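Residue numbers (full-length UniProt numbering), protein chains in the order written: chain G, 1 to 431; chain Z, 1 to 246; chain V, 1 to 181.
The hints are simulated quantities; they were obtained by calculation from the structure and are not laboratory data. Since this is a predicted model, take the numbers as computed values, not measurements. What you were told as hints is all true, and nothing was included just to trick you.
Simulated restraints, written as ranges between beta carbons of each label pair: (1) Leu144(V) to Ala322(G): 29 to 35 Å; (2) Gln90(V) to Val412(G): 19 to 25 Å; (3) Gln90(V) to Pro305(G): 54 to 60 Å; (4) Asp301(G) to Thr235(Z): 49 to 55 Å; (5) Glu141(Z) to Asp301(G): 53 to 59 Å; (6) Asp68(Z) to Pro218(G): 54 to 60 Å; (7) Asp52(G) to Asp120(V): 40 to 46 Å; (8) Met170(V) to Pro305(G): 54 to 60 Å.
Per the computed footprint, the stretches of chain Z lying under chain G, defined by three or more beta-carbons under 8 Å from a beta-carbon of chain G, are: (9) 115-129; (10) 156-167; (11) 174-182.
Glycine included, C-beta positions come from ideal geometry on N, C-alpha and C.
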Amino acid sequence: MTVTEDYIDASGGDWDDVIEKAQATSAERLVVNMGPQHPSTHGVLRLILTLDGETCTEARVAIGYLHTGIEKNMEFRTWTQGTTFVTRMDYLTPLFNETAYCLAVEKLLGVEDRIPDRASVIRVMMMELNRMASHFVAMATFGMELGATTVMTNGFREREMILDVFELVTGLRMNHAYVRPGGVAQDLPPGAVGKVRELLKEMPERIKVMRKLLDENPVYLARTKDVAYLNLPGCMALGVTGPLLRASGLAYDLRKAKPYCGYEGYEFDVPVSDGGDVYARYRVRIAEMEESLKIIEQCLDKLAPGPVMIEDAKIGWPAKLALGPDGMGNSPDHIAHIMSSSMEALIHHFKLVTEGFRVPAGQAYTAVESAKGELGCYAVSDGGTRPYRVHFRDPSFTHLQAVAAMCEGGTVADVIAAVASIDPVMGGVDR
Amino acid sequence: MSTDNERERDEEAARLPDRMGEERLAAPIKRTGMFGTGTSGDTSGFGLLQVRGSAPVSSQRPFTDPDDPRTADFDRVADDLEAALGDSAGAVERVEVSHGEITFHVLREALPELARVLRDDPALRYELCLGVTGVHFPDREGRELHAVYQFRSITHNSEIRVTTTCPDTDRHIPSIVAVYPTNDWHEREAWDFFGIVFDGHPALTRIQMPDDWHGHPQRKDYPLGGIPVEYRGATVPPPDQRRSYT
Amino acid sequence: MGLEEKLPSGVLLGTVEQVVGLARKSSMWPATFGLACCAIEMMAVGGPHYDLARFGMEKFGATPRQADLMVVAGRVSQKMAPVLRQIYDQMPEPKWVIAMGVCASSGGMFNNYAIVQGVDHIVPVDIYLPGCPPRPEMFLDAVLKLHDKVQNTKLGAHREQEITETEERMLRRSLPLVSKD
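Produce the complete structure using the sequences and hints provided.
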């Protein structure tokens with residue numbers, strides 16, 4: 001067989017032209033455009049594949065179809081309003097985005113030590129719940145893209161349970177803006193702890209069902225074993241972190257290496273596998289969910305009564321919210337306090353809400369171990385009430401660069417498995 | 001010898017508030033006044049207030065603060081980096097320690113060599129580059145565009161930041177994709193958003209914006225581009241044109 | 001105990017418009033256009049908990065050629081806009097569009113250089129569904145409202161008359177203005 005530079009371009013245009021060109025040449029190679037609107041590309045990801053028969057000889061990735069300008073938009077809003085934007089970046093891991101951002105703001109403010117313990121515990125609990133929800137969606141969409149509908153329906157069903165907790169605690173199913181600079185938006189409502197306990201009781205069984213469905217499933221194994229292999233040096237060179245790195249044999253987890261939010265006080269293992277393939281990534285993810293359950297249980301034990309927002313009237317957004325006749329708002333106590341008893345409190349409230357707080361000039365980088373990998377937030381302040389520049393180092397963005405390394409030389413069908421195993425979320429990739 | 005050092009240090013200390021003031025005054029004025037507009041009859045006395053931007057901070061050794069565990073290995077890293085760079089150690093313009101983070105400000109010419117050393121030197125071993133991002137400071141003449149790199153060492157569990165600058169008239173910074181392939185997309189993004197040309201990048205094309213887009217949207221001189229929103233006769237201007245308090 | 005037992009001699013009388021409307025609404029085939037956060041909620045609607053299959057819409061296809069409803073779920077960037085229009089053009093008539101979520105409806109909180117301020121700049125929209133993201137129940141409500149609209153769509157000359165009347169009514173209607181001073 002001779003390798004020819006000639007190829008058939010099927011990435012757009014009229015089919016008649018494509019067929020005509022295909023008949024005119026003896027070229028074997030076909031360039032296929034996949035996406036940005038394709039059910040199996042995990043959102044608006046575009047892949048340009050060069051195929052030689054069934055083999056994918058070249059995989060190029062095009063992104064930017066969901067570029068939202070969040071980083072720039074934040075420069076025109078206050079630091080607190082920033083959480084509303086970051087939560088919409090990687091919309092499957094909203095609480096990680098918020099926490100990374102708030103940790104950066106708190107670092108700039110120099111108030112890391114003054115964040116109440118209860119707020120940190122709630123943050124950890126919500127993040128771990130979020131990790132499970134994200135992994136469930138990762139598995140569900142993976143199943144859907146390979147044609148396994150049961151995996152998809154199961155994954156979304158389990159996720160609903162977690163979303164119920166989120167809704168109870170934050171008021172929203174997604175896009176919570178719950179973690180705020182200085183703490184969290186409000187305390188856990190009555191019944192939240194019971195709801196989480198219920199989930200802790202129910203969830204191990206659900207995970208077991210998922211394991212039963214997938215762990216030894218011959219079809220699943222055939223589609224995932226030794227597919228989209230990426231070894232450790234490859235991971236390092238391409239900046240791959242998170243479950244993908246741990247599936248390549250390195251037990252590196254920021255929660256252990258650089259603890260934040262008090263992670264050093266929790267007992268948990270870092271699941272690791274040395275398969276380096278799609279199956280290993282699945283095993284790492286599902287084991288991580290079991291570890292998350294452990295952490296959540298410890299969180300419930302650690303939850304001691306106390307404030308959930310920093311006790312600094314110049315930074316702390318009023319965190320005592322209550323449900324009124326017209327929806328969620330400041331509690332009547334707080335309103336009575338600022339309207340009739342304390343002029344100073346009224347001024348603080350007014351300044352905070354209209355102007356925001358000033359953050360000392362400087363730069364800071366904080367990173368959290370999101371469900372997808374290292375999520376970093378680099379924030380620059382010029383001393384004003386609004387960010388000068390905020391940049392997010394999103395794990396999905398970095399990981400998508402590995403698609404070529406994983407796919408080239410494999411079959412077309414494995415491209416789908418490779419992309420799905422990265423679990424990219426385009427909202428985070430494009431921001 | 002030691003007396004010389006001491007005398008120098010004393011002299012230095014004697015000039016200290018003085019010099020700090022100089023640095024402070026050299027910093028660009030960021031904004032004037034405190035609230036409201038400049039055109040109104042503001043009689044509060046804050047109208048002439050000048051708020052200056054951050055002066056370039058230059059930290060002196062020791063970088064390690066015994067009270068701050070986050071800074072524990074900064075002296076070691078700085079020593080090792082100096083030793084590894086050898087003759088080109090002068091490329092590190094200044095070192096900044098703040099918020100428990102260490103930043104090396106380097107000349108752009110030295111960046112590829114620095115990256116290679118950071119990755120390969122056994123004492124440093126920064127295996128992971130966490131990408132590069134641009135920051136645009138229109139009022140810092142000659143160094144308007146900053147490129148900020150974050151490095152992480154898994155071996156030594158350490159984290160550093162490297163910053164380099166380029167003037168707006170000559171937006172070139174050498175690429176480090178050859179050393180850290182992960183920077184491929186990050187450099188493309190910095191080009192797309194800030195117009196920094198990374199020399200030596202294998203394919204520096206737009207990544208987030210459409211290929212035929214004009215301008216680099218996250219620069220400060222690029223407008224936010226919102227439109228006024230009208231509802232029942234009332235209009236809300238886009239966020240960048242609203243009244244602001246700063 | 002079915003409908004047929006209640007019909008006199010098995011004959012049902014109706015207008016062509018109603019029969020066509022019933023047929024069209026009963027088995028809509030949506031083309032997914034999942035873009036951002038809303039897409040996840042849209043997928044959740046397809047899941048077992050909310051079960052879109054109850055409304056004959058479980059066939060969430062990705063091919064626009066065999067679809068009559070496009071659900072634009074999420075923010076539409078400038079880069080995505082031409083793609084979206086192309087997909088819409090590929091759909092056969094008759095076709096409907098739901099702008100799911102506030103970003104697709106009006107640009108929402110992202111009033112900036114990157115986002116198209118409402119998908120109605122590119123394609124005609126039948127139902128605007130607010131929310132960020134809308135709850136699955138809200139999506140179901142939008143679907144039911146659309147079904148209602150499809151069921152009651154007129155045909156031919158009646159349709160033209162309906163369009164003229166609606167336009168006149170919309171022009172006559174005056175929303176209370178927020179006073180400028």
